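Got chain Z sorted already, so can you dock chain F onto it with the hints?
Here is what each chain is made of, one letter per residue.
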Amino acid sequence: MSRVRTERLVNLVICLLSTRRFLTASQIAQTVAGYEHDEDDQRAHESFQRMFERDKAELRDLGVPVEMRVMSAFDTETGYRIARRDYELPDIHLEPDEAAAVGLATRFWHVRGLASAAASGLLKLRAAGVDVDPTATLPVEPVVAADPAVDTILAAVRNRRAITFSYRRPEDDEPAERHLQPWGAVSSKGRWYVVGHDLDRDATRCFRLSRVVGNVKAYGPSGRFEPPEDVDLASYVYGDETPSHQGKATVRVRTGSCAGLRRSAIEVHPSDLAGWDLVQLPYRDPGSLANRLVGYGADVVALEPPDVRRMVVERLTALASVKGGR
Amino acid sequence: MAISVSEHLPRLLAMVPYLLARPGIRVEEAAADLGVTETQLRQDLNLLFVCGLPGYGPGDLIDMVLDDDTVTITYHAGIDRPLRLTADEALALIVGLRALGETPGLSQDDAIDRALSKLESAAGDAASAASRVAVKLRTSPTEASRANALRAALEHRHAVRMTYYTATRDETTDRVVDPIRLLVVDGRSYLEAWCRSADAVRRFRLDRIDELTELDEPAAPPPGAGGDDVTGGVFKPGPGDLLITLRLSRSARWVAEYYPVESVTHKHGGDTEITMWASDLGWARRMVLGLGTDVRVVAPVELAEAVRHDAQQALLAYQE
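These protein sequence lines map, in sequence, to chains Z and F.
Under our numbering, the first sequence has 309 at position 309, and the numbering climbs by one with no breaks.
With positions in the second sequence counted from 1, the corresponding number in our numbering is that position plus 326.
Isolated chain Z, as found in the complex (with noise of 0.2 Å):
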């Protein structure tokens, strides 16, 4: 069944693409391979208009542009046919170097759908005459991790439709319904995000997907609304990032340990203590330096300054009274 209607569907192509007029549906009803009824039988040429319909709106999802035109003012019947300049891929020629980055980008999604886009991509260009060697790669393979609904949110962000999803920030109980004009995504470090206009807040708002609990559903009519002009999404997802107060903490460290706080240091010198080293640590906030001093134990003693000192001594004699098991 459904290669007869390929088939039907590439002579309809071959037809509309060859012919400089606009085909009227009956007219291609006579000449397209498929199509052949009699137009006197009701039922039968009602079941060629559904087909047909159908046939259009196949070939509209896949991309081929079919042009319509009402013949004139006199005859109100439709004519089609496709124009070849807006159904060819332009002329494109790739270096073996631009191909090969070309392949490797193809790679770069493990996204179900837009995997098989990539695929269908790049088998395009093969028929432009590009030739992309399966084989060549780069010496670095970047892979990101896949996000089922990443697929339905760009599909959201083209058509301009809203999307609905249940989010559960780590700090809540509950995950909440969110509704969400999207205007883009950002994969950023590993994590896919979702920018856009949150209509339940009436303001900006960006959404990790691996927060996202179940399925993400777009919802409404399609352009809905129009995304701001050269949103930097990014920025959204990174927020301020200038670093606020920038300090220097120096600490004592048993010599030999705590490898991980040396690579950071600014300065190590041997102590007056022996068997131990006087380290000095940039920092930004001080209760994450202390949260890091406190893991080495025994082996650091925060010297300077109070802040971080009295944080440290907190937080371990919470931890030293800490009944582990159930």
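Rather than coming from a laboratory, the hints here were simulated on the basis of the structure.
The hints are all genuine.
Not close to chain F: a few residues of chain Z, all C-beta gaps over 12 Å, as computed: (1) S47; (2) F48; (3) R69; (4) F74; (5) T76; (6) T78; (7) A176; (8) D202; (9) K217; (10) Q246; (11) K248; (12) T250; (13) A274.
A partial selection of chain F residues facing chain Z, derived with a Cβ cut-off under 8 Å: (14) G361; (15) G404; (16) A418; (17) L426; (18) L432; (19) A460; (20) L509; (21) G513.
Dumping the calculated DSS-like pairs for lysine-lysine here, alpha-carbon to alpha-carbon at most 30 Å: (22) K189/Z / K444/F; (23) K593/F / K217/Z; (24) K462/F / K217/Z; (25) K189/Z / K248/Z; (26) K462/F / K189/Z; (27) K217/Z / K56/Z; (28) K189/Z / K217/Z; (29) K462/F / K444/F.
If you're wondering where the values come from, they're calculated on a predicted model, not measured in any experiment.
Where a beta carbon is used, it is the ideal one built from N, C-alpha and C, also for glycine.
Showing chain F alone in chain Z's frame:
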């Protein structure tokens, strides 16, 4: 199994210009390029044989010379060029190329930029959706310079000597490795190499390589070493690894997002229980201590005791 029209038609439409550009191509090679079996390709060609211009007589139908090994299109019935790229196809290729351009070790590769601009111009309007997707890998300058140095070593097929920080054991060691490939997985760059001291394939995070020298010596990783599929992540628990169970209070739930966890259970009262693999007790101690009191060790008991003992010992220094 029946193929869907949406899969089959684009392939058939691309197949004609593809073959047209390569007269006398081997069926085997064409099938591989088009991503189908030889049998499927022959079935496709048989279908195209009966398609063509209205009239459908000899001279109207797509025609070709097809023998046991090769195929040549002799009449294309007007399908001599592929269909333009759809928005999804343009998006997938353009975003993929941009991600490559952001990849440390490749960012100076002008082939990527050239390919990108040619593709953008060929895709036309279809390329506009690609501006709605940003890919940022955000590598540090150190990581980028390591990647460039390692890429050079890979191209020269030379071994490298490096000083590497092993976070699990909190130690820095010198070693000579035979590079196999560079990987960027989930935004982090790794060198996959044969490590001569470990006598095994190891992956090294570029941001933990402190010193790096390319040697004159050729790299000689054992044949077949490395190249494993890393799409599921680089971390796989080994036999010596320790499964630990932690209880997180509300404010520490981020831990479950930050570390690769095996399971997450939400408890009454807002607590969350997670299980995760730790490569050894030392690493687990440092991690748990650094998380503070919002995280409590449930299992194993020896870890809970080690953490309490470490904290008690560390406190002595402050009680002088």
